[in-house]
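Peer 1: Take the two lone chains, each set in its own frame, and fit them into one complex as the hints suggest.
Line order of the protein sequences matches chains A and B.
This note's numbering numbers the first residue of the first sequence as 1 and each following residue consecutively.
This note's numbering numbers the first residue of the second sequence as 1001 and each following residue consecutively.
Simulated from the structure, these hints should not be mistaken for laboratory data.
Backbone N, C-alpha and C define an ideal beta-carbon position, used for all residues, glycine too.
It cannot be assumed that every hint is accurate.
[Stated by the list, open to error] Label pairs and their calculated CB-CB ranges:
(1) A:Asp73 with B:Ser1181: 47 to 53 Å
(2) A:Gly194 with B:Ser1181: 43 to 49 Å
(3) B:Gly1114 with A:Val51: 33 to 39 Å
(4) B:Ser1181 with A:Ile226: 32 to 38 Å
(5) A:Asn221 with B:Gln1138: 50 to 56 Å
(6) A:Lys82 with B:Asp1029: 32 to 38 Å
(7) B:Gly1080 with A:Pro192: 25 to 31 Å
(8) B:Ala1035 with A:Lys324: 52 to 58 Å
(9) A:Ala52 with B:Gly1114: 26 to 32 Å
(10) A:Arg273 with B:Gly1080: 35 to 41 Å
[Stated by the list, open to error] No more than 35 Å apart at the CA atoms, straight line, and that leaves these computed lysine-lysine pairs for DSBU-like:
(11) A:Lys101 with A:Lys390
(12) B:Lys1118 with A:Lys127
(13) A:Lys131 with B:Lys1118
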Amino acid sequence: MKRKPFTLTLQNAMLAVGLVFSSASFAQAPATPPAAAIPPTWAQGRTPEQVALNLVPHPPGMTALPANEIPTDKLKVPAGFKVELWASGMPNARSMVQTPKGTLFVGTRFPGNVYAVVEKDGKREVKTIAKGLHRPNGVAFKDGSLYVAELSRIIRYDNIEANLDNPPAPVVVFDALPKDEAHGWKFMKLSPDGNYLYFQIGTPANITVQPVTHAVIVRLNLKTNILERVAEGVRNSVGMDFHPVTKELWFTNNGRDWVNDDLPNDTLHRLTRKGMNFGYPFCHQGDLLDLDFGKGRSCDEFDKPVLKIGPHVAALGMRFYTGKQFPAEYTNNIVIAEHGSWNRTKKTGFDVVRVALDAKGNVTKKEVFVSGWVQGEEFWGRPADVHVMKDGTMLVSDDVAGAIFRISYSK
Amino acid sequence: MFFHTSKAIQGMAFFLTSLLAMQAWAAPDAIAGKAKAQVCSACHGENGISSIVGTPHLAAQPPLSIFYQLLQFRDQRRKGGGMEAIAATLSEQDMRDIAAHYSAQTPPSPHTGGDAIKISQGQQIAQQQYCSSCHGAQLQGQKHVPRLSGQSTEYFVTQLRNLRSGARADMDGTMASAARSLTDDEIEAMAAYARSLP
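Isolated chain B (complex conformation) (with noise of 0.2 Å):
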């Protein structure tokens, strides 16, 4: 019960946290950001939820971590689907409003009815791979890390495999490391497990 009522506050904590952390930078607009992300929705959908298989959802995102990958891709440091040409034409102001814009956003929902014994896997290797301490306890992602819950499970196991080949680079090498010992199958798992998440 404790427990529970803990990880709420602390949950609180992050979000006021990430809010104050915003007013720092040049106060993102949201309904702005709507406006620009007009050319992001063709591909992640209007609210953040990709209809495409294997196209990321941003709903629900933190703002920073779509703000610095639209700076990796900007940069030529991150690469895929069409991402460099897109992001060059933005200035930081519009990728801060276009993630304020998505991070707003409902979280896709819950895969339900998923292979209960895959999930349960990927739990397991999850915990074991510390995925939690960045991505958070729900891997709900916070600061610049990530949201994985409820994510494509073909963008979650691409990313993996791009990440544990090297042809995606991460920002300090820590993706690259503990995606490193990982089997095709643990991936898969991870990602179905990942995409149960609410």
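Isolated chain A, as found in the complex (with noise of 0.2 Å):
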């Protein structure tokens, strides 16, 4: 069976991939056939083929492991590195915010909960400040407040550092945002000038011709509360970070799925001005047509990445390292943690890798900075995202084991 020519809606484009799998027989036909139905979001773009594959996403971090099981000496840096447990009992700990007196924020995608990370008395203590939300995957912080975002809204505790023990009820900031579970947590970035709230709304789908509402970055104002877009044609962004030097907004895209083992890449992009289009669902990793959504058009119709990071490695939080505490060639490199691969026969990414760039912002070099995280074909913990911390270290969320590395350096 052939698939349908595609449509520009969202429901005629999923029927369309759906009727290529309705296409078994069936001893006893009913009455009146039942309308084909959409398969699950990560199984939408699969070929009849590719089901034999027996490849679905990995079970979501639920809980965290006791710190004394959390195997950390597995985890391997450069000469000169020193990686330690910074803090455990996170269950799917993921995005983070530091503020400027040094708590440390934590947002999750599967538990509902916020955590916040406090040093006292030269203790460190976690402290579940929300419970309940829904996928509270985005955190930033201004003022005083903790801005998160969930699958549809962003919400704000207002003075939330002196109220740790008793947060506030959460104010709503904007709850106008689509509620598809398919990429729809989000990741979330203050802009260097605190006007901005930057977050991504990912494609409903693996692959599909989007509303134009999805598969875009948007940013709020939170002067005005306007919402606009600022990059379409992303199919998921979970990491962004402005470029200390010339303020532009960096980010990392996951590409789709059922391909095959080695493509498409996910990427890495710079955003030079308002409005870019990156390609989705038409061309993938700036070079690649989409068989089916990209018949009769070119991949020079689009803006490129700077870099493609890997086929289904998962890149997710990344940020620029500007801390004074690692060798001077790390200064201004991305580093970007890689959550690891499902849709590929052979794990995939598990790690997290740096990538140097030059005075023009040219990608010169990416090598692995941390791995460990998977041996042989399993994998123990997960890394979510990235983040410097005042000292110059760094820290490195994992969301399966809940818990949170400290790389450091000495010389």
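Peer 2: Written out as structure tokens, the structure reads:
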């Protein structure tokens, strides 16, 4: 059965994909065949042959490994660097933001918790400051307030650091975001001028012609509460940061599934002007037309990524290394947490990589910085985000171990 | 022929993968789990086959599916059957041990002699709804996704209705969207099909 030509609605695009899978014949046909259903979003775009590969997403991290069962010694770093367990007991710990006073806030995707890690009298303590939120993955901090990006709204906890043991009810900042679960959790970042919250609205499927509201990066003006698009054609970005010198937005993007083991790549992008379009769903990684949706299109229509990071690596949180502790060659490197693959017959990712840039912003090098989460084809943890501390050390969150590691350097 | 062989290999691969994945966690202990499961057996049966209508069979469930449901009961993200109170008394190690115990039990025997037309309709709907994408080719469950084969029809129907209405929240919205379009008749047909599977 051939796929139907796509039309410009989400529903029809999904049905077109659905039809491919409903072609099996059955012993007994009902009088009125039910409408073709929509497959689980992760299975959209899968061919009948690929069903036999038995690739399914990994179980989400729902719990935290006890501190004494976390195999920190398996993590490998370059000579001179050291890894230690910094905090644990935080199921599904993902995105991180730190306040000027030093409190680290940590968002989650599955348990609905937000954590605060505080140091008091030389002791580090984890507090759960919010429970029961809906995919509170994104965190940002401004003027004493913690902003949390849930699936479909942005909320704010005022004067939060003075009330960590008894947090106030959140103020709803913006609640008109789409409610799609697929790629609906958000990475959020405050702009350098403090006026905007940047976050993504991911595509609501693996591969589909998305509504214009989706597969975009947007920013919310905190003074006017106006939401505007800054980038489109971005399948799902779960990591972004502003260049410390140029203040341009850089972000990671997760490529589509079900092409093959080696294509397409996850990508690194640089936003040099508002309104750039990076090609999804028509063109992937800047030079690969989509087999179905790319028909009649050209990759030349779209803006290009600055780097192909690797296929299926799940490039999530990224930061520029702005600290002073690491060797000089790390200055202004981009450090990226690769959550690790599921849609690939051999595992890839499950590490932290660094990307070096020249003065013009061209990529000059990419290499593994922290590895060891995967042993053979089994993993014990998955890096989700990175964060540069004031002292120049770097934190790495792990949403399967429910922990945060610290990387430090000494000559 | 090839099809069946590759299925068997895949099945074995899954089995080994789950075993290895289990080892990465805190070595769950099925023997200890049996003792800890005393409180469960009153309703779910000593061997995970419940004789109470509407109470799920736990035998041969993937261990991670039992563990994850217990976590959700504990955190009150899933409610029902008084499970929130029971889960609140269990440590995560208890949950893993109990899960290891029930997952090692013999699966419920498939129901024979059901309504053949209904079962066939249920099979067709299950295929159109892509159930096997997550629940496995024989709906045997995998990783954190529960086994449906041989499951109590009353339990199956109640859960799908609750997922459809939103009374039961699922982990990532997949089941809510799958259940949204189903009629009561379709749910009952799928329950009959699942119950007929070994």
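Peer 1: Failing hints, ascending?
Peer 2: 3, 7, 10, 12, 13
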